[in-house]
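Whole structure, please, built from the sequences with the hints as guidance.
If you read the protein sequences in the order shown, they are chains A and B. Sequential numbering from 0 applies to the first sequence in numbering that gives the first Met the number 0. Sequential numbering from 0 applies to the second sequence in numbering that gives the first Met the number 0.
Hint data in this document are derived by calculation from the structure and do not stem from the laboratory. Glycine residues also receive a C-beta, built at the ideal position from the N, C-alpha and C atoms.
Partial list, computed: chain A residues near chain B (C-beta under 7 Å):
| hint | residue |
| --- | --- |
| 1 | N51 |
| 2 | A165 |
| 3 | K204 |
| 4 | A358 |
| 5 | W365 |
| 6 | R367 |
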Amino acid sequence: MPAPYALNDDSVVVIIGSGAGGGTLGNELAQKGIDVVILEAGPRIEYEDFINDEWDSFSQLAWLDNRTTGGGWRVHKDFPNLPAWIVKAVGGTTTHWAGASLRFQEHEFKGLTNYGKVEGANLLDWPITLADLEPYYAKAEDKMGVTRTNGIEGLPGNNNFKVFKAGADKLGYKECHTGNMAINSADRDGRMGCQQTGFCFQGCKWGAKWSTLYTEIPKGEATGKLEVRPSSHVLKIEHDDSGKVTSVVYADKDGKQQSQKARIVCVAGNSIESPRLLLNSASSKFPDGLANSSGQVGKNYMRHTTGSVYAIFDKPVHFWRGTTMAGIVRDEAKHDPSRGFVGGYELETLALGLPFMAAFLDPGGWGRSFTTALDHYDKMAGMWIVGEDMPQEQNAVKLHGELKDKYGMPIPDVWFTDHPNDVAMRNHAYKQGMAMYDAVGATRSFPTPPYPSTHNLGTNRMSEKASDGVVNKWGQTHDIKNLFVSDGSQFTTGAAENPTLTIVTLAIRQADYIAEQMSAKSI
Amino acid sequence: MVTIYQGRPGLTRRELLKRGSAAGALLIISGSAVLSTSEAWGLESTALKPETIATLIQLARDIYPHDQVPDKYYAIAIKSHDEQAGKDAAHKELIEKGIADLDQKSGAGGYTGLGWEDERVAILRQIEDTPFFQAIRGSLVVGLYNQKEVWPIFGYEGESYSKGGYIARGFDDIEWL
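In structure tokens, the structure reads:
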């Protein structure tokens, strides 16, 4: 029943991107009877076609268009053309994500107030509070089937979790469990329960993990009010003399340029492509790019303070078996500056298959110190660090000065350097993670550097004042009333939590606002 | 095309005499082929010199040494360089010059003439930032560890969907904690 809309239909809401933000917003609007066209750069790959093989799946799903990097982060050295490990397909990175669904903590909405002025950081308070989001968090958790909410049972702990939990207990951590996961622990919402297959990152072939690909999008399509156009890569957003956006120019599956008219445009292409698109849409009226009167488009790029700890034991663990990230310690997520840094971090279980472990354990590493680690691959346990990083103005997504993509648009150049607070936090987390494993008898442990970013945040940030950021508390750009940002690039600060739940929550809330404004005829 | 084939090749006395002297001393050059007598396989070279391929196999093992992984898998992991050299003269030069440089740095017996891994690794530390070394290491990290036949040697079980995941196959079977 997907509704086909005409290119010259100027009554539609055009959403760019079909991931956590775009896919959710599209369904929410369609459920309200609003006509929606989602333009998705990638192909539509249904979940039965996902591949239980790390490199093959990477080729199938990952966003592999050329990108460049700069700055002091190690990703720039080891993966110079792969700043981010995100997805180009219908469903966006919700096909790849691990499912961890945590609400932000109250203090994290007021970074500047609670952390104070941190030198070199561009901290700002969100223009909203936890209380503003709570009703929408509740809706998102129900929609996504988050475990340990709405009476949904937690997932069972796998081997990797059991090692992690034993270490957490030995260290005296109090809040350790199998997580709040948007992965069905039993059949729910027409989707089956987790079969402990262990390829969450490669797309769940059972559909047990929530993804917009097989929840929001088909539900929206079933209303007859949502059309998803895959393989439609948006190049430019156009506006009229008054500055209102009017249409979206995209390259279709054959590379032919098309122009879709729109009443409202919502950008949800992830924190690299969204600012890139706004910058690439510069015009004589907006010479610095759309919605960029503050100069903040593309700035304050955040990627969470991440890292991993792997450890080897003298007996088998088989940590690749089962749900990849169903395990968390939350005790370090608090803001406790006595640790030597502001903000906090989560520790979450993580496993990689042998091919990716070889690529990511110590990128560039070789020789026996490296290979003797892999020799004990079956005796490894692993965890991931995810903590709040400091927004910094010079960490940014910029347009490349020379390189262009196949459509002639400048490619994104992603700059990132750790803030000293990020480094202090990561070192603390490494120490705690290694101590957890030491406590259960690890014979060797590895502080593994961050991977290419999966959490890309902050490049069109939300602010009370138009001079401080790109969008207001509804994700509506300060400069252009009918232009919205609907992905994680809205985040004012990153918080310690995996971002997807908050992206979905903001999208549900934004849909209510857009519907209200449309019926009030103010946009 | 480079082919990897199974089967024990016949050896002439001359071929035996051309046997390398490095640690394993198992690879033999015969015409355009690199042969392993102990593992019973051969690799036909097309663009690179067979001696270059034999050295590449030793180099691959020195970069990612796993004593439990037979040479065959290192041979498979480096054969893409022979294929690429056939299509790209610049790549052929990168590899041949890289190996020649390695031999030159290693003294009279060449790289494979150095008996101890530590001696060879000391040479590799001198060149680890070169495009040659990075090309070999970069291709190996996928070419070696992405071979499904190698996975069981490390205990990795690979694809699990067709077996119904691990829900009834030991996702939580740890007993030693």
